Each structure stands twice: as structure tokens, then as C-alpha cells.
Amino acid sequence: MDNTDILATEIDDIDTIKSEVLKKISELAFDNRLDEADTIAFELIPGVRPRFRCCVYREREIIRQRVRMAMGKLPTDSHYKDLDPSLMVHVISSACEGCPIARYTVTDNCQNCLTHKCIKVCPFGAISRTPRGSVIDKTLCRNCGKCAEACPYSAIVDIIRPCVKVCPVDAINMDKNDIAVIDKDKCINCGACVTGCPFGAISDVSMITNVINLLLDHTKKVYAVVAPSIQGQFGKDISLGMIKGAILNLGFDGIYEAAEGADSVAYMEAKELLEFKKEGKPLLSSCCPSFFTLVENYFPELKDNVSTLVPPMAASAIYIKNMDPDAEIVFIGPCISKKADVLSNYINIISAVLTFEELVAMLRAKRINIRNQADMSSDSSSYGKGFARSGGVAQAIRKVVSELEGDEASSSLEIQICDGSKECINALKLLKHNRLRVDFVEGMCCTGGCIAGPSVLQDASHTKKLFKPSDEDTSIESAVLKLRINELDIHRT
Amino acid sequence: MEIRVCIGSSCYLKGSREVINELNQLIKENSLNSMVSLKGSFCMGKCSVDGVTVSCDDKFYFVEPDDVDDFFEKVIVPSIPRAI
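Each protein sequence line maps, in turn, to chains A and B. Numbering follows numbering that gives the first Met the number 0, with no gaps: position 473 of the first sequence is 472. Numbering follows numbering that gives the first Met the number 0, with no gaps: position 48 of the second sequence is 47.
Treat the hints as calculated values from the structure; they're not laboratory data. Computed from a prediction, not measured in an experiment: that's the story for all the values here. Incorrect hints may appear among the rest.
What the hints assert, rightly or not - List of simulated lysine-lysine pairs, DSBU-like, C-alpha gap at most 30 Å:
hint	chain 1	residue 1	chain 2	residue 2
1	A	Lys-80	A	Lys-276
2	A	Lys-185	B	Lys-58
3	A	Lys-164	B	Lys-58
4	A	Lys-220	B	Lys-27
5	A	Lys-185	B	Lys-45
6	A	Lys-270	A	Lys-421
7	A	Lys-80	B	Lys-27
8	B	Lys-38	A	Lys-175
9	B	Lys-27	A	Lys-302
10	B	Lys-45	A	Lys-270
As the list claims (entries may be wrong) - Cβ-to-Cβ under 8 Å is the rule here; a few derived chain B residues that face chain A:
hint	residue
11	Ser-8
12	Tyr-11
13	Arg-16
14	Asn-23
15	Asn-32
16	Cys-42
C-beta atoms are modelled at their ideal positions from N, C-alpha and C, and glycine is treated no differently.
Turn these sequences into a full structure, and let the hints steer you where they fit.
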């Protein structure tokens, strides 16, 4: 990440378009000129020749909607006007290509063989033979997939719309214009479709202007709480301490790590786990808001199994509020779901949520060079930081149990680690029917954990190695006692 | 009962943070935590009206930061279901 401006003409992919819009909005917000936001579409899409879409007018309409979303508004227009403000992810209808995809399609691999297994297995008579190979009649095909299995050349493929394919809860449908529509009752705000759509047509609503307004209001003390996954996001030369320094330079009055809250959450959750274990009841982790929503909406019978602890971000916020009751707190993370979590459950303690993407936009708008930052210290343990990756919560819980009850108690714990929504859903299904005998389930809806969240800046393969727990570390208990978070109530209300 | 306060950019400038903080305070003072849940919401599309948009049981209200007390007393308190 450097601080050179990307010129408008260099915009060539979704990430740059979205980040340019966020950067421009940040600049205007810092200058108190948000009323000029309408000009952004013309600045980013100058001239008359289109570069990515059919015409400049459509390109500008997409930018106009992105500007609205950057300002906390929904991408509504005269046709798509009933969007639900409680959803964090929305389809920008003008950006949705309405991918004209028929699911089962015969490809050029078809050798026009003599046996024609595909025709024989099709229960609906949808496949016929032509001189150029098999052809599927779309009006008869029911997407059973038998032909694809039967073809010895793997010539028949199942193409699903990318957004539909990545959605773990089947929340995306098509309307009569083939535009993607998100079912608000099914959506768990995980953000898989945001990264999954190759046209960037699904995006999250931002609170960036609220945060900038808070920072400009000098009568308020504004604190940042950063997710542990921020470590390594700006490349391997930029330490966590330097990132913290850069964030402070944006105008925050203080910065805390959610990993500090994570230490105390692990500490209390391990105690809760030991209680649950006595009753023979499995405990589910509560830190991933999409996992939490998954349990609440799809497996309500397991609701009482979810840990009563708040997520680490809220534990850190409660800690700050205890010192300064008037503090305004902004959580910065890789997660879209946390926006929904804060709006629904923690709006009384946390004022806003920023994603890493939005943080970068603010740093660029203020021309803050992350390389020139002094290295700040960190008060959290490597286990608290480990909450950022899949398996990290489980490791922290084991560590606390071994601190409290000894190594044997810790290694005898049966823990199921669910990496990604699919594994979460599978484990919850088994649990519901009493087929999973475990003491603790760690659920994270992003595959890889938060370091693979929808708004991370680096691929998880580069950052994963930063989150190994270190044995030189002081105990989690001592990290918790140092900050005295254990004296506060960090349970969900 | 669910109260949703708009935090979109226009309502934010009209003082939605103050409205949230004050409502939170009033809910606490009156020990209504178990009955009233306070939530934030993105833009509900009523930016042109004066006052912060607040939805309460699917009805919309427009509240100025200075009138939160009044709103709480006249709208929130009467709509809390009576204990039987």
C-alpha cells in the first residue's frame, strides 16, 4: 500500500472503483463538502466513451449508487425502492449484469460419442443429438445433474451464477429482470456475495461519513477498536504498531485492540465451557456475528448453547466506556456482518463500524503515510490475536483451561472447529440431532477466519502465519488481570 | 418493542448520535432494557423531513435531538405493552 494517487484513468477493476469512491467521499467529508458528492460520478467517469459497461451513463449511475452507499444510504432507484435498511449488503441493480446463465450446459468437450449416455440418463428427455453434439433444451431441463455425472468426457458443466453459488444460506434469487435480489429473512450478512460477484454488483453500506464527522467534532473523545486481523494487512514490513499509529493520526483520541477484549472473552468463555461440560451441554462460540445469526435464524433450538459472552470488539468497547462513559467508539475490522451486529445489538456502546477497505480510503484521503509511523506497543496476548483465524478461538480456550485446570483437562476437551459457513451449517445440523458429541464448537463463517473476511486487503495465505500462538507469551489470565476486564460485565444482555 | 434510529448521513448530521445516546440513557433510567431494544438503521429514505428518522413498531417519527425527552414520554412509553 503506498500513498500515490491512482488517477481516474487507471481505474480498472471493482476494488479500485469502490475504493476510489470511498476515498473521494472521505475527502469531501473531511472538508465538510459532502453536498458536492454528486460530482464524483463525473470525476471518475469523464468523457463519453465507456470503459467497463455499455455506456458512460450506466457507469455513472453505478458510481452514483456507490456514492449513496458510501454515505449510509441504500442503492434504491425508482424501480428497486423497497430495500431493507437492516440488511448490510445490497445489490446495486444497475451494476448487476443479470448473468444469462443456464445451469447445465454442454461444452466443446462433447465428442458426439455413439453411446450418448447423457441422453439415456436424462429423466426429462431434455437432451437431443445434433451433428455437432448433444444439446440441452432449457425449457425441459430441471437441473438434476445426471447428464453431467454420466458424461465420460466431463463435457457437461454446471454453471451457477456466482452470487448464488457463494451464498451459504440460499438467500439470493433472481427477479423477473434477472437482477439478483437478496432475501432479507435468509441473509446472514456474511458478505460472501460481495466478494463473490465478479461485477462488484453487491456491496456493503458504509458508515465512513459518520466516523469522519465524529473525528471532526472535537468536543468528543473518539476511540478506535481494531480487529486482530488488521495485523499484516498492509504488507509484511508494516507492523501492528505502525498501523495503530497511522489510525491515531486520522484524529482518533485513542486506540485499543479487540484482541485485548478477546483475551477476556476467552478467559470467561473457558469458565463457561467448564460449567457447560459439567452439564454435558456443548458450548458454541459467539464471536462471529454471522455464525451467531445462523444459529438464531436457522437453528433456534441451539440458541441456549451459544456462549453468553459479547464478541471481543464489544468487550474492548465496554472496557473503554468504563474508563470514559462519554467515549465514542469505532470498530475497525474485516467484517461486514459486524456492521449489522453493532446496529442491532451494540449501538449503545459502539458508534460505528469501519471495514479495512474504508480505513484505507480514509488514510488515503488524509494522505497519511503508513511507513512513517512510530511502532506502538500491544497489550494483548498472541492467543487473543489468534481469534482472527480459524482455530484461534479453540486454541485460546484450550490455553485458558490448561491455565485453570491443568494440561490434562485441556487436552481432554473435544472441540469442533468449523472453518467457513458450510462447515458451520454441517456441524449445527449434526448438533441439532444430537449427532455431534463435542464440548465446544468454534464457528467462523469466513473460510480461514476473519483474516479471510470480505474486506481484507491481503490474501489470507500471506497473513495466516502471523497468528501462531507463541509460548513465550505471558498467560491469558495475566493479560486479562492486567487490564482488569474480568471485573466488568461482558455478558450479552 | 424495537426502536430503530437512522444513522444514514443526513440523519447523522441532524443529530442521530445524540438521539441514540439520549434514548439509551432514558431506557436505562426507566429500567426498560428488557422491553425496549434500541437499534441503529441505515437510511430509511426520509431524508428530506426535518428531524432524525426513528422507526418504532413500523411507524416513522421524526425527532429533533432536543425533543428526545418529549418523544420518549409521548410515543415510547405509551406503546410499551401493559403487563397483564
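A quick look at each hint next to the structure:
1. Annotation: proposed proximity of Lys-80 (chain A) to Lys-276 (chain A) is violated, straight-line Cα distance about 49 Å (limit 30 Å).
2. Between Lys-185 (chain A) and Lys-58 (chain B), the direct Cα distance comes to roughly 24 Å. Compliance with the 30 Å bound is thereby established for this hinted pair.
3. For the hint pairing Lys-164 (chain A) with Lys-58 (chain B), the CA-to-CA distance comes to about 37 Å; that exceeds 30 Å, so the pair is violated.
4. Distance hint between Lys-220 (chain A) and Lys-27 (chain B) is fulfilled; the C-alpha atoms sit about 22 Å from each other, no more than 30 Å.
5. For the suggested pair Lys-185 (chain A) and Lys-45 (chain B), the alpha carbons sit about 26 Å apart, so the restraint of at most 30 Å is met.
6. For the given pair, Lys-270 (chain A) sits about 28 Å from Lys-421 (chain A) by alpha-carbon distance, which is consistent with the 30 Å threshold.
7. Among the hinted pairs, Lys-80 (chain A) with Lys-27 (chain B) is inconsistent with the structure: their alpha-carbon atoms are about 36 Å apart, more than 30 Å.
8. Of the supplied pair hints, the one linking Lys-38 (chain B) and Lys-175 (chain A) is violated, its CA atoms being roughly 33 Å apart against a limit of 30 Å.
9. A threshold of 30 Å between alpha carbons decides the hint, and for Lys-27 (chain B) with Lys-302 (chain A) the separation of about 26 Å falls inside it, so the pair holds.
10. A C-alpha spacing of about 47 Å is found between Lys-45 (chain B) and Lys-270 (chain A), which places the hinted pair above 30 Å, so the restraint is violated.
11. Interface hint at Ser-8 (chain B): satisfied, since its Cβ lies 4 Å from the closest Cβ of chain A, which is below the 8 Å cut-off.
12. For Tyr-11 (chain B), the interface hint holds, the least distance from its beta-carbon to any beta-carbon of chain A being 5 Å, beneath 8 Å.
13. Taken as an interface hint, Arg-16 (chain B) checks out: its beta carbon lies about 6 Å from the nearest beta carbon of chain A, inside 8 Å.
14. Given the 8 Å rule on beta carbons, the hint for Asn-23 (chain B) holds: about 4 Å separates it from the nearest Cβ of chain A.
15. At a threshold of 8 Å, the smallest CB-CB gap from Asn-32 (chain B) to chain A is about 6 Å, leaving the interface hint in force.
16. Interface hint at Cys-42 (chain B): satisfied, since its Cβ lies 4 Å from the closest Cβ of chain A, which is below the 8 Å cut-off.
Checked against the numbered hints given earlier, this structure breaks hints 1, 3, 7, 8 and 10; the rest are met.
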